[in-house]
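So the sequences go chain by chain: A and B. Residue numbers 1 to 477, in our numbering, belong to the letters of the first sequence in order. Residue numbers 478 to 673, in our numbering, belong to the letters of the second sequence in order.
Be a bit skeptical, because a hint or two may be false.
What the hints assert, rightly or not - Partial list, computed: chain B residues near chain A (C-beta under 8 angstroms):
no., residue
1, TYR530
2, GLY532
3, TYR568
4, CYS597
5, ALA602
6, ASN614
7, TYR627
8, LEU630
No wet-lab data here; the hints were simulated from the structure. Predicted model, so just to flag it, every value in this text is computed and none were measured. Backbone N, C-alpha and C define an ideal beta-carbon position, used for all residues, glycine too.
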Amino acid sequence: MITFSERQLKIPRLMRPVYLVTGGQSKFDRAIPEKRTEELCIDAFTMAAELINLSPAELKRYIHSCYYGHFADHFGDQLLGEAVIHDRLGLDPLGNVGIKTGGATGGSTLWEAVKTVASGYSDCALAMGWERMDEVPTDEGNFLISCAADKDWESALGQIYTGYYAVMAQRYWQIFGKAEESFRRTLAEISVKHHGYARMNPFAQAPLKISVQDVLNSPVVAYPLRALDCCLMSVGAACAIICDEKTALELSKSSPHKPLRIWVAAGSHTLRPADRRRMEIPLLPNETKDQYRDLGRRFKGADRYPGFTGFLAARMAALYAYGMAGISDPKKELNLLELHDAFTISDVQTYEDIGIRPYGEGRDYVESGDCYHTNPHTGRPGKLPSNISGGLIGCMHAVGATGIMQVFEIATQIWHRWAEIHGDDRRWKEFNREKPSDWTDLQVKGAKRGMAISHAGVGSHVTATILMDPDHLLIAN
Amino acid sequence: MAMFGQVFVKKGKYRIKGDFHHLAAHTPIRDADNAFSLCGVTNPRELTYIHSYGGEAVFFESLSRGTLLASRCEHHACECRGTTYLPFRIYCPDCLKRNRVIDVTDEAKRSARIYTFMVCERSGAFSLLEKPIKFINIAFDGIDTVLMSYLSLGEPRIGMEVVPIFKRRDPSYTILDLSWVPKGTPAEELKPGFEF
Chain A
1 MITFSERQLK
11 IPRLMRPVYL
21 VTGGQSKFDR
31 AIPEKRTEEL
41 CIDAFTMAAE
51 LINLSPAELK
61 RYIHSCYYGH
71 FADHFGDQLL
81 GEAVIHDRLG
91 LDPLGNVGIK
101 TGGATGGSTL
111 WEAVKTVASG
121 YSDCALAMGW
131 ERMDEVPTDE
141 GNFLISCAAD
151 KDWESALGQI
161 YTGYYAVMAQ
171 RYWQIFGKAE
181 ESFRRTLAEI
191 SVKHHGYARM
201 NPFAQAPLKI
211 SVQDVLNSPV
221 VAYPLRALDC
231 CLMSVGAACA
241 IICDEKTALE
251 LSKSSPHKPL
261 RIWVAAGSHT
271 LRPADRRRME
281 IPLLPNETKD
291 QYRDLGRRFK
301 GADRYPGFTG
311 FLAARMAALY
321 AYGMAGISDP
331 KKELNLLELH
341 DAFTISDVQT
351 YEDIGIRPYG
361 EGRDYVESGD
371 CYHTNPHTGR
381 PGKLPSNISG
391 GLIGCMHAVG
401 ATGIMQVFEI
411 ATQIWHRWAE
421 IHGDDRRWKE
431 FNREKPSDWT
441 DLQVKGAKRG
451 MAISHAGVGS
461 HVTATILMDP
471 DHLLIAN
Chain B
478 MAMFGQVFVK
488 KGKYRIKGDF
498 HHLAAHTPIR
508 DADNAFSLCG
518 VTNPRELTYI
528 HSYGGEAVFF
538 ESLSRGTLLA
548 SRCEHHACEC
558 RGTTYLPFRI
568 YCPDCLKRNR
578 VIDVTDEAKR
588 SARIYTFMVC
598 ERSGAFSLLE
608 KPIKFINIAF
618 DGIDTVLMSY
628 LSLGEPRIGM
638 EVVPIFKRRD
648 PSYTILDLSW
658 VPKGTPAEEL
668 KPGFEF
């Protein structure tokens, strides 16, 4: 049984308020042969400048240090890719550093940028992430991804990360999902929702108008997961500009939107799921110990936490982040989420880890319709919409950029600029994508607070990023 | 054919022999939709790494001898004293003292059960396993962790009793030398090179 000290459980504190002022992203696709990575990063940076009515050169004058998220050097076949991008963005001689935490790289990049501003080291920092996953065919790509597992104990077993991950999915499927056909359909609904939302997103790689049956008919990858349950492999870049209050206000003088308060917290857990040891469930502010007393009775086999059914890292990231931002009930106080839907089932697991539903009851978040922009059962707004970007299943998973894309997408919602940015005909044309005739405005009305979860592999690293309209804070800090 | 790279350790240093990389030419990538203009170039490369198992070498060596090793913290001041690890850990993650190596072969044969599994229809490049791959995680008495491995015979299910098998003939000295079969499997059904 592992225990944690009070010092380890201390709620992190930023030394001064930190703001996300603007952000941007490139087109995302499986392959972008016509552009080098630096071109994608410049696309993202230029968009960030334009959203606050500055030129890229004007915006650069404010930046003091740079944080670059790029996970897989071996995918891009370029060590020190960060130095290449930094040079091409013309940001020498500013200090810069590369950040790598697997699938959580984007979130970790924001974590570093936020801490640097909070500490006073910089008043304005660039967080930029990208990934280039089109330099090898898919089989070799799967091999390269499998290198993120333990090379002696796991990678040789099939050289396919899905296998290392999916054993956890199987356990969840059988213990909490009870291997029910109805649960399998619920998972399929998530894929339908995310591919469907991607249709409204010109940046998105996999817009699809599909049905539950289409998902259930797609090829089995690792039962019960099928091809349409899985996230994408992508190329693309995303960035955010992180500032202290004074700089944020100065940069926003000509901006149509206000800067947003930002908090980022991080958690971790064993790289190998095999190493997970027993512990008590760390409780979130909206949970009580009593509610889990009979978990093992209600779900046979669920008496071992985290076992293979939960992600301790996600729970810890949420625990820290809720404390930092003053969230006592995420269901009531947040207006939207972007979750790391590497697989449909991991989406469900995360609902529980971050307290949207108690352990064992994540499926209800989908089945109730709460996770939709518009609840399909009532026709009214969903209570807490998730992954309106399309997520990793519908929009993209350009690993180093993913966590930043999620946060940027939430920002566009809180700025109430979602329709302007995603509905712009020129953008659809520029990306050579056809805007659907039934394009729908997915702006979440009244969005004031959102959270993004950025998650590495089997849960080795997870970050929770909370964005808030500064006029709707929950605590003064 | 060129000789594959081989490595020995002598006087604390690697001694290498044979070819550790192979040369191949670049080829252009052209845009078939745009007058075959140049887009990029392929970068073929094949190389062999030299990797040390360090303090885990004993585990991988033992597989080729039909023995499954775990490790246990026995440090008197450790709050997690007695925790037994498989995957094998050289050091206790709590007190960072060196763990004691223990033989758990008999325990595995007696009490191993599938904790979870996954039948994977795909594999990545360089995989040496046949598809579908039956990933299993195994829990057994006295071990605090849940080792990942693969099932060589039968269809996995949670709770299934399994026993370890070892590739004692032509071992690869990797984790692939350890596999599992349902309890009661006759020896003659094992794949070539494997023994109980």
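Chain A contact restraint on TYR627/B - CB to CB distance below 8 angstroms: 6 angstroms, holds
Interface hint outcome for GLY532/B [beta carbon to chain A under 8 angstroms]: Status violated, d = 12 angstroms.
Status of the LEU630/B interface restraint (C-beta, 8 angstroms, chain A): At about 16 angstroms, which exceeds the 8 angstroms cut-off, the nearest Cβ of chain A leaves the hint on LEU630/B violated.
Evaluation of the interface hint that places CYS597/B against chain A, nearest CB under 8 angstroms: Cβ of CYS597/B sits 4 angstroms from chain A, so the hint holds.
Hint validity - ALA602/B Cβ closer than 8 angstroms to any chain A Cβ: 4 angstroms, holds
Per-residue hint verdict: TYR568/B, partner chain A, C-beta under 8 angstroms: 13 angstroms, violated
Hint check: 8 angstroms Cβ-Cβ cutoff, TYR530/B to chain A: Interface hint status for TYR530/B: holds (7 angstroms vs cutoff 8 angstroms).
Hint check: 8 angstroms Cβ-Cβ cutoff, ASN614/B to chain A: 5 angstroms, holds
Checked against the numbered hints listed earlier, the structure breaks hints 2, 3, 8; every other hint is satisfied.
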